[in-house]
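Novice: Working from the sequences, and respecting the hints, build out all of it.
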Amino acid sequence: MHITRGFTGRPRGDDPGLPPGQYDAGDDWPVLSAEVTPDLAPADWTFRIDGLVDEPRIWDWEEAHRLPPSAYEGAIHCVTSWSKFGVRFSGVSLDAFWDVVRPHGSATHAIAYSHTGYTTNLPLADLTGGRAWIAWEYDGRPLAPEHGGPARLLVPHLYFWKSAKWIAGLRVLDHDEPGFWERNGYHERGNPWEEQRYSGD
Amino acid sequence: MTETFVPPTRFAVPGRIAVNEQAASVWQTATLTEIRRETARAATYRFAVPGWRGHLPGQHLLLRLTAEDGYAAQRHYSIASAPDDSGHVELTLDHVEGGEVSGWFHTVARPGDQVEVRGPVSGFFAWPGDRPALLIGAGSGVVPLMSMVRHHRARNLAVPLRLLVSARSPEELIYAREFGPETTPVFTRSAPEGVAVGRMAAAHVAPLLAEQPSSGWEAYVCGSNSFAEHASRLLVTAGQPVDRIRIERFG
Numbered sequence: 001m002h003i004t005r006g007f008t009g010r011p012r013g014d015d016p017g018l019p020p021g022q023y024d025a026g027d028d029w030p031v032l033s034a035e036v037t038p039d040l041a042p043a044d045w046t047f048r049i050d051g052l053v054d055e056p057r058i059w060d061w062e063e064a065h066r067l068p069p070s071a072y073e074g075a076i077h078c079v080t081s082w083s084k085f086g087v088r089f090s091g092v093s094l095d096a097f098w099d100v101v102r103p104h105g106s107a108t109h110a111i112a113y114s115h116t117g118y119t120t121n122l123p124l125a126d127l128t129g130g131r132a133w134i135a136w137e138y139d140g141r142p143l144a145p146e147h148g149g150p151a152r153l154l155v156p157h158l159y160f161w162k163s164a165k166w167i168a169g170l171r172v173l174d175h176d177e178p179g180f181w182e183r184n185g186y187h188e189r190g191n192p193w194e195e196q197r198y199s200g201d
Numbered sequence: 202m203t204e205t206f207v208p209p210t211r212f213a214v215p216g217r218i219a220v221n222e223q224a225a226s227v228w229q230t231a232t233l234t235e236i237r238r239e240t241a242r243a244a245t246y247r248f249a250v251p252g253w254r255g256h257l258p259g260q261h262l263l264l265r266l267t268a269e270d271g272y273a274a275q276r277h278y279s280i281a282s283a284p285d286d287s288g289h290v291e292l293t294l295d296h297v298e299g300g301e302v303s304g305w306f307h308t309v310a311r312p313g314d315q316v317e318v319r320g321p322v323s324g325f326f327a328w329p330g331d332r333p334a335l336l337i338g339a340g341s342g343v344v345p346l347m348s349m350v351r352h353h354r355a356r357n358l359a360v361p362l363r364l365l366v367s368a369r370s371p372e373e374l375i376y377a378r379e380f381g382p383e384t385t386p387v388f389t390r391s392a393p394e395g396v397a398v399g400r401m402a403a404a405h406v407a408p409l410l411a412e413q414p415s416s417g418w419e420a421y422v423c424g425s426n427s428f429a430e431h432a433s434r435l436l437v438t439a440g441q442p443v444d445r446i447r448i449e450r451f452g
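Top line first, the protein sequences correspond to chains A and C. Position one of the first sequence corresponds to residue 1 (my numbering), numbered consecutively onward. Position one of the second sequence corresponds to residue 202 (my numbering), numbered consecutively onward.
Think of the hints as simulated: they come from the structure by calculation, not from any bench. Even glycine gets a Cβ: it sits at the ideal position worked out from N, Cα and C. Check each hint, because a few of them may be wrong.
[To be verified] Footprint (simulated), chain C over chain A, 3 or more residues, beta carbon under 8 angstroms:
| id | stretch |
| --- | --- |
| 1 | 1–12 |
| 2 | 27–33 |
[Stated by the list, open to error] Listing some non-contacts, in silico: residues in chain A with all C-beta distances to chain C over 10 angstroms:
| id | residue |
| --- | --- |
| 3 | T128 |
| 4 | Y138 |
| 5 | N191 |
[What the hints assert, rightly or not] Quick list of simulated restraints, FRET-style, between CB atoms:
| id | chain 1 | residue 1 | chain 2 | residue 2 | range |
| --- | --- | --- | --- | --- | --- |
| 6 | C | H296 | A | P16 | 27 to 37 angstroms |
| 7 | A | D24 | C | E269 | 14 to 24 angstroms |
| 8 | A | D27 | C | D444 | 26 to 36 angstroms |
| 9 | A | A71 | C | A397 | 45 to 55 angstroms |
| 10 | C | R311 | A | P142 | 46 to 56 angstroms |
| 11 | A | A43 | C | S415 | 36 to 46 angstroms |
Specialist: Right, here's the structure in full:
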C-alpha cells in the first residue's frame with residue numbers, strides 16, 4: 001500500500017453495497033457510450049435470440065411487452081469507478097425469453113449485440129436465474145436514448161458496459177468470444193466485487 | 202435463422218490498437234515533478250513514471266490515491282502529453298467541486314508527491330497518427346485531443362489534423378497558447394473583440410468537412426455527455442459517417 005501524502009478522501013460510509021474501488025455517484029448518472037446515440041423508435045426496435053437455441057425468435061416492441069413484467073431495484077456499477085444506488089428499471093426478465101427459445105445443453109456463453117453494432121460477451125450463467133433483464137423504463141419513465149432507450153440489456157451484478165444499450169439481440173454460443181470493450185483491453189467477465197476491470201485483473 | 206445480423210448502423214470498428222495487458226494491469230509509482238496552471242480551474246500535472254511503457258494519443262490511465270487508513274480512490278484520466286516523452290506523462294485536471302481526487306491535486310499536491318498509476322488502458326479512442334483526424338472537444342475534453350495535436354507536431358506528421366475546441370471564454374481555453382493554425386476555438390460566453398459568441402454549430406463543422414481529404418476524416422469527440430451528443434449530431438448531420446466517429450464522454 002502506497003500512502004498518498006495529505007490525502008484523506010471523502011467521508012467513509014460503511015456501505016456494504018459499494019464494491020472495492022467504487023464511489024457513490026449520488027444523483028449523477030454519467031453516460032459513457034463510445035458511439036453516436038442512435039435514432040431508434042420503439043416501433044423500429046426488435047430483440048432477437050439465436051445461435052444454440054431450440055427456437056430462435058425475434059420479438060418486436062409489442063410482443064416483448066406482452067411478456068410478464070419484471071423490475072430491478074438496486075445498484076449499478078460502472079468500470080470508471082462510479083456506482084449508483086436505488087435505481088429502478090422495469091422491463092422483462094431474460095428468463096421469460098429463455099423459456100421461449102430454450103438454449104441447448106451445450107450453450108455456455110452469449111454475445112449481446114446492439115442496434116449500433118456494439119457487442120459484449122457474457123457467460124450464460126450471468127444471464128439466467130433472475131439476474132438479467134431487457135429494460136425499457138427507468139424510474140417509471142421511458143428509458144432515455146442516451147441511456148440505451150428504447151430498451152437495453154440490464155445485468156446489474158456486472159460492470160455496466162455488459163448491460164448493452166439499444167439491445168438488438170443475443171447470440172448463444174458454446175464458447176466465449178470477446179465483445180467490443182473486451183477486445184479493447186477490458187475484462188471478459190467484469191465482476192465489480194472482484195474488481196475485474198481490465199484483462200488480466 | 203442462419204443469416205448474420207446486420208445492425209442498421211455501424212460504429213467505429215474497434216481493435217486497431219492492441220492494449221498491452223501487462224502494462225495495463227500493473228500499478229506503478231508516479232512522482233509529481235511539475236505543476237503548470239492552465240486556467241483558473243485547470244492545471245497540468247507532470248509525472249515521472251520510470252517504467253512507463255508508452256501510450257498512444259487518446260489513451261487514458263487509471264490513477265489511485267491512498268489514505269492512511271487504506272481508503273483508496275481511483276479515477277480514469279486522459280493523458281495530455283504526446284507519446285515521445287520518455288518516462289513522463291502529463292495530466293490536465295479540472296478542479297471538480299467536491300472532487301476528492303481533483304481536490305487533492307488542486308489544493309494539496311506539490312512536486313515530489315507520489316501517486317500510483319496503471320496503464321495506458323483502452324485502445325478505442327487512440328489515434329496512432331495514421332489517418333486524417335478531425336478532433337472536436339469542449340472544456341477539459343480537449344485533453345486527449347491535445348495529446349494528438351502534440352503528437353502530430355512532434356512527429357511532423359503529414360496526415361491532416363484539425364481541432365475544433367469549445368470553451369466558455371478565452372481565459373478558460375486550456376492550452377490556448379499552444380494552438381496553431383490547425384485549431385478553431387469556439388467561445389460560448391465571451392470572446393475577443395470581433396469574434397462571435399455562441400454554441401458550436403453546423404457553421405463550424407461544415408467548413409471542416411468541406412476540406413476533408415479524399416479518404417475522409419476519423420472524428421474524435423470528447424467532452425461532457427451533453428456536448429458529445431450535440432457535437433456528434435452536428436457531425437452526422439454534416440455527413441460524417443457514424444462508424445467514423447469515436448466519442449469519449451466524461452464520467
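Novice: Could you tell me whether the CB distance from R311 of chain C to P142 of chain A stays inside 46 to 56 angstroms?
Specialist: holds, 50 angstroms
Novice: Taking C-beta pairs only, is N191 of chain A more than 10 angstroms away from all of chain C?
Specialist: Holds, because the least Cβ-Cβ distance between N191 of chain A and chain C comes to about 16 angstroms, which exceeds 10 angstroms.
Novice: Do H296 of chain C and P16 of chain A keep their Cβ atoms within the hinted range of 27 to 37 angstroms?
Specialist: Since the Cβ atoms of H296 of chain C and P16 of chain A sit about 32 angstroms apart, the hinted range of 27 to 37 angstroms holds.
Novice: How about the stretch 1–12 of chain A: do at least three of its residues have a C-beta closer than 8 angstroms to a C-beta of chain C?
Specialist: That given contact holds, which follows from 11 residues of the stretch 1–12 of chain A lying within Cβ reach (below 8 angstroms) of chain C.
Novice: Between the beta carbons of D24 of chain A and E269 of chain C, is the distance compatible with 14 to 24 angstroms?
Specialist: Once the Cβ atoms are compared, 21 angstroms apart, the range 14 to 24 angstroms for E269 of chain C and D24 of chain A holds.
Novice: Can we trust that Y138 of chain A is non-interface, i.e. its beta-carbon lies farther than 10 angstroms from all of chain C?
Specialist: Given that every Cβ of chain C is farther than 10 angstroms from that of Y138 of chain A, nearest at about 15 angstroms, it holds.
Novice: For the range 36 to 46 angstroms, tell me whether the beta carbons of A43 of chain A and S415 of chain C fit it or not.
Specialist: holds, 38 angstroms
Novice: Taking 26 to 36 angstroms as the stated bounds, is the beta-carbon spacing between D27 of chain A and D444 of chain C within them?
Specialist: holds, 34 angstroms
Novice: At least three residues with a C-beta closer than 8 angstroms to a C-beta of chain C: is that true for the stretch 27–33 of chain A?
Specialist: Our answer is that it holds, as 5 residues pass the Cβ test (under 8 angstroms) against chain C, meeting three.
Novice: Far enough from chain C: is every CB of that chain over 10 angstroms from the CB of T128 of chain A?
Specialist: holds, 21 angstroms
Novice: Using the beta carbons of A71 of chain A and A397 of chain C, state whether their distance is inside 45 to 55 angstroms or not.
Specialist: holds, 49 angstroms
The structure shown violates none of the earlier numbered hints.
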